[in-house]
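Peer 1: Residue numbers for the sequence shown follow my numbering, beginning at 183 and rising by one.
Because the hints were derived from the structure by calculation, they are not lab data. Treat the hints loosely; a few may be bogus.
Distance condition first, Cα-Cα at most 20 Å in a straight line; then the derived DMTMM-like pairs of lysine to aspartate or glutamate [stated by the list, open to error]:
| # | residue 1 | residue 2 |
| --- | --- | --- |
| 1 | Lys263 | Asp281 |
| 2 | Lys238 | Glu268 |
| 3 | Lys305 | Glu268 |
| 4 | Lys314 | Glu275 |
| 5 | Lys231 | Glu278 |
| 6 | Lys231 | Glu268 |
| 7 | Lys314 | Glu302 |
| 8 | Lys295 | Glu323 |
| 9 | Lys200 | Glu214 |
| 10 | Lys195 | Glu217 |
| 11 | Lys305 | Glu279 |
| 12 | Lys314 | Asp288 |
| 13 | Lys305 | Glu220 |
| 14 | Lys314 | Asp250 |
| 15 | Lys226 | Asp281 |
| 16 | Lys239 | Glu220 |
| 17 | Lys295 | Asp232 |
| 18 | Lys231 | Asp281 |
| 19 | Lys314 | Glu268 |
| 20 | Lys290 | Glu268 |
| 21 | Lys200 | Asp232 |
| 22 | Lys295 | Glu217 |
| 23 | Lys314 | Glu220 |
| 24 | Lys226 | Glu308 |
| 25 | Lys200 | Glu323 |
For each label pair, taking beta carbons as the anchor points, the in silico distance ranges come out as [as the list claims (entries may be wrong)]:
| # | residue 1 | residue 2 | range |
| --- | --- | --- | --- |
| 26 | Lys231 | Leu196 | 19 to 25 Å |
| 27 | Glu306 | Lys231 | 41 to 47 Å |
| 28 | Tyr318 | Met237 | 21 to 27 Å |
| 29 | Gly280 | Glu323 | 17 to 23 Å |
| 30 | Asn272 | Ile326 | 21 to 27 Å |
| 31 | Ser270 | Glu199 | 36 to 42 Å |
| 32 | Trp324 | Glu279 | 20 to 26 Å |
| 33 | Asp288 | Glu199 | 32 to 38 Å |
| 34 | Asn321 | Ser236 | 17 to 23 Å |
| 35 | Leu312 | Arg219 | 35 to 41 Å |
| 36 | Gln209 | Lys231 | 15 to 21 Å |
| 37 | His241 | Thr320 | 18 to 24 Å |
| 38 | Ser270 | Leu196 | 16 to 22 Å |
Just so it is clear, CB atoms sit at the ideal spot from N, CA and C, and this is done for glycine as well.
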Amino acid sequence: MEESKNQQPITDKLIPEKMLSLDAFSQWLGIEIVEVREAYCQVKMIIRKDMLNSMKKAHGGITYALADTAFGFATNTLGRKAVSIETSINHIEALEEGDVITATSDLKSMKNKLGFYIVEVQKENEIVALFKGVAYRTNAEWNI
């Protein structure tokens with residue numbers, strides 16, 4: 183991975199914790215940070231009744247939002263501000279009220295300023311959704 187000579191990657195929770203503290207939507211979802219490493223983040227949440235659709239299943243946007251949050255946190259752990267430029271998700275299994283789900287985002291490839299990530303959303307040990315994200319790394323550094 184390409185880093186400037188003056189910049190050391192931030193590999194602890196400081197950036198994701200800062201991002202979560204400023205993100206009212208992720209707070210409303212009840213997202214918690216589980217683990218953070220360089221270019222990696224795992225988050226979790228519990229599906230609530232107010233997150234269900236008309237079929238009493240979790241709205242697809244809830245799973246997407248959890249995966250997108252894990253992706254956003256992981257992309258920023260390298261110390262520079264990063265933004266998503268393309269994302270997609272495949273929903274594999276429906277979720278119900280009370281389900282605890284985790285999203286694990288991991289860097290698969292870094293090319294110049296673009297990072298390519300895969301996020302697995304799981305309930306227990308079962309994959310319930312797969313998310314793909316492309317992030318653009320800006321020149322702006324996080325100041326924590």
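Peer 1: Would you mind marking each hint as holding or not holding in the structure?
Peer 2: Okay, the hints, checked on the actual structure:
1. Our distance criterion of 20 Å between C-alpha atoms is broken by Lys263 and Asp281, whose separation comes to about 32 Å.
2. Among the hinted pairs, Lys238 with Glu268 is inconsistent with the structure: their alpha-carbon atoms are about 29 Å apart, more than 20 Å.
3. Under the criterion of a C-alpha separation no larger than 20 Å, the hint pairing Lys305 with Glu268 is inconsistent with the structure, at around 25 Å.
4. Distance hint between Lys314 and Glu275 is fulfilled; the C-alpha atoms sit about 17 Å from each other, no more than 20 Å.
5. Note on Lys231 and Glu278: the hinted pairing holds, with a Cα-Cα distance of about 8 Å set against a maximum of 20 Å.
6. A C-alpha spacing of about 30 Å is found between Lys231 and Glu268, which places the hinted pair above 20 Å, so the restraint is violated.
7. With a CA separation close to 9 Å, the supplied pair Lys314 and Glu302 stays within the 20 Å bound.
8. Simply put, Lys295 and Glu323 have alpha-carbon atoms about 13 Å apart, close enough for the 20 Å limit, and the pair holds.
9. The suggested pairing of Lys200 with Glu214 holds, with an alpha-carbon distance near 13 Å, which does not exceed 20 Å.
10. As the CA atoms of Lys195 and Glu217 are separated by approximately 8 Å, the hinted pair is consistent with the 20 Å bound.
11. A hinted pair counts as satisfied when its Cα atoms are at most 20 Å apart, and Lys305 with Glu279 qualifies at roughly 12 Å.
12. Annotation: proposed proximity of Lys314 to Asp288 holds, straight-line Cα distance about 10 Å (limit 20 Å).
13. The suggested pairing of Lys305 with Glu220 is violated, with an alpha-carbon distance near 24 Å, which exceeds 20 Å.
14. Pair hint Lys314 plus Asp250 holds up; C-alpha atoms about 9 Å apart against a cutoff of 20 Å.
15. Note on Lys226 and Asp281: the hinted pairing holds, with a Cα-Cα distance of about 11 Å set against a maximum of 20 Å.
16. For the hint linking Lys239 to Glu220, the alpha-carbon distance of about 34 Å lies beyond 20 Å, and the restraint is violated.
17. Distance hint between Lys295 and Asp232 is unfulfilled; the C-alpha atoms sit about 38 Å from each other, more than 20 Å.
18. Restraint check: the Cα-Cα separation between Lys231 and Asp281 comes to about 11 Å, which is no more than 20 Å; the hinted pair holds.
19. The suggested pairing of Lys314 with Glu268 holds, with an alpha-carbon distance near 8 Å, which does not exceed 20 Å.
20. Restraint check for Lys290 and Glu268: the C-alpha separation of about 15 Å stays at or below 20 Å, so the hint holds.
21. The straight-line distance between the Cα atoms of Lys200 and Asp232 is roughly 26 Å, outside the 20 Å bound, and the hint therefore fails.
22. As the CA atoms of Lys295 and Glu217 are separated by approximately 24 Å, the hinted pair breaks the 20 Å bound.
23. With a CA separation close to 18 Å, the supplied pair Lys314 and Glu220 stays within the 20 Å bound.
24. Pair hint Lys226 plus Glu308 holds up; C-alpha atoms about 14 Å apart against a cutoff of 20 Å.
25. Only pairs whose Cα atoms come within 20 Å are accepted, and Lys200 paired with Glu323 is accepted, the gap being roughly 13 Å.
26. The given range of 19 to 25 Å is broken by Lys231 and Leu196, whose C-beta atoms sit roughly 34 Å from each other.
27. Remark: the range hint 41 to 47 Å for Glu306 to Lys231 is contradicted by a beta-carbon distance near 21 Å.
28. Evaluation of the 21 to 27 Å hint for Tyr318 and Met237 yields a failure: the beta carbon distance comes to about 36 Å.
29. Evaluation of the 17 to 23 Å hint for Gly280 and Glu323 yields a failure: the beta carbon distance comes to about 41 Å.
30. A hinted range of 21 to 27 Å is violated for the C-beta pair Asn272 and Ile326, which are about 34 Å apart.
31. The hinted window of 36 to 42 Å between Ser270 and Glu199 is violated, with their beta carbons roughly 27 Å apart.
32. A hinted range of 20 to 26 Å for the beta carbons of Trp324 and Glu279 is inconsistent with their spacing of about 36 Å.
33. For the pair Asp288 and Glu199, the beta carbons lie near 19 Å from each other, so the given range of 32 to 38 Å is not met.
34. Between Asn321 and Ser236, the C-beta spacing of about 45 Å breaks the proposed range 17 to 23 Å.
35. The hint said 35 to 41 Å for the Cβ distance between Leu312 and Arg219, and at roughly 20 Å that hint is violated.
36. At roughly 18 Å, the beta-carbon separation of Gln209 and Lys231 lies within the given 15 to 21 Å, and the hint holds.
37. Judged by the Cβ atoms, the range 18 to 24 Å given for His241 and Thr320 is violated: they are separated by roughly 31 Å.
38. In this structure the hint that Ser270 and Leu196 lie 16 to 22 Å apart at CB is violated, the actual value being about 29 Å.
Against the hints set out earlier in the document, violations occur for numbers 1, 2, 3, 6, 13, 16, 17, 21, 22, 26, 27, 28, 29, 30, 31, 32, 33, 34, 35, 37 and 38.
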